[in-house]
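Asks: Sequence:
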Amino acid sequence: MFKKYLFLIIYVLVKKQYLSFLLVISFCLSIFISPVQAQSTVERVIIISVDSMNNDFIFNENENPDFRITPNIGSLVKGGAAFTMAEAVMPTKTQVNHVTIVSGSYADNIGIVGNYVFDPTKKSTAYMGNIDFPWKNPSLIKADTIFKAMERENPEYTSLVVAGKNYVGRPIWADYQSGPAYTSDNAEKLGVKKFPEIMLWDSPDEWVMDNALLLLDEVDPDITLINLPFLDPVQHSFGHGSMESWATLAWADYQIGRLLQYLIESAKLESTLLVVTADHGQTNTWERVNLEKILRSQGLGSHVISDGAFASVFLTNRADLDEAVSLLSGLEYIDGIWYGDGFDEINIRTPYTGDIAVSMAPP
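Residue numbers for the sequence shown follow the working numbering, so the first one is 1 and each next one is one higher.
In short, the hints are calculated from the structure, not lab data. Here the structure is a predicted model, which means the values were calculated and not measured. Ideal Cβ positions, reconstructed from N, Cα and C, are used throughout, including at glycine. Keep in mind that the hints are not guaranteed to be accurate.
Stated by the list, open to error - Here are the computed distance ranges between Cβ atoms for each label pair:
1. P362 - A247: 45 to 53 Å
2. K78 - Y333: 40 to 48 Å
3. R288 - K123: 41 to 49 Å
4. N137 - N186: 16 to 24 Å
5. A250 - G79: 15 to 23 Å
Let's have the full structure, built from the sequences with the hints guiding it.
Replies: So, in structure tokens, the structure goes:
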């Protein structure tokens, strides 16, 4: 029975999605699958997400020749299979794409379009009073996951999510969960401690792997998702391809080496399907644009929720739609604009998409 889900897991993780709108912001993933001998039985699947890892980190002959900076990921490439043409789904945000990894769903089936969403039905004047955080309210996420599907068929299957981001650690349901601000009771009883500085949002990669190794040893779940988060905030702070980002990637690779060593010492490596991937990539930001101010300058009232290179525009008056679309389409730094039936072209029709969605041209 587990073999049935194994093929589904592999299909969800490596299916190509050639969507040209993703190419304009250069967000690309790399996937590495460890070798499992033909005569071996796969007893567990471990998916590791290195947050914000472009494939030009790994396959970079100038900066990372022969995987010098990422030897553990390099060993998986050499001994297993590598797929470098994967792409994120829109919008390319941590929460949406991690749910995609474990569900195979686009944003319209997931039910949200970002790490946080604007709820126009809430009549609040407080700062961020209209904002919902799905990690605090997981019921906002509607997608069915491989974790849930496996357990429905066989209640004895166990699942685990260990994450350094709250966006991942709580909203993706699993039997055992660990995140910076949330730890399931059963994981806490096994020794997992909540991250002491939850206002940082992202916890260090070594804290994540410490908890992952503890729970893998205690529970030995059938399927696990591990989120190593810290490459993402480092790139936001210091830029893609910076010395700091390379150092952080090397540290993430070291954590993956710790996992490999555990699997070897526990004699579990040969029966483990190990997948290393990313939720999205990263580009540098050169300028921030206030779309709400631009619309207001033309007498168009709106509320704009921007989340990286993607934004949802909620118009005060729906009758202004055509005029707003015309104005936004004429801005040289916007290279994607969707509204009406266009939402279905990129699968982003949700209650929180707004009247218009736009993406920014890189960088």
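Asks: Confirm or reject each hint.
Replies: Against the structure, the hints:
Our hint of 45 to 53 Å for P362 and A247 is violated, since their Cβ atoms are close to 24 Å apart. Under the hint 40 to 48 Å, the C-beta atoms of K78 and Y333, about 41 Å apart, fit the expected range. Distance hint check for R288 and K123: the Cβ-Cβ separation is about 28 Å, which falls outside the suggested range of 41 to 49 Å. At about 21 Å, the beta-carbon gap between N137 and N186 stays in the expected band of 16 to 24 Å.
At roughly 20 Å, the beta-carbon separation of A250 and G79 lies within the given 15 to 23 Å, and the hint holds.
Hint compliance for this structure: hints 1 and 3 are broken, all remaining hints hold.
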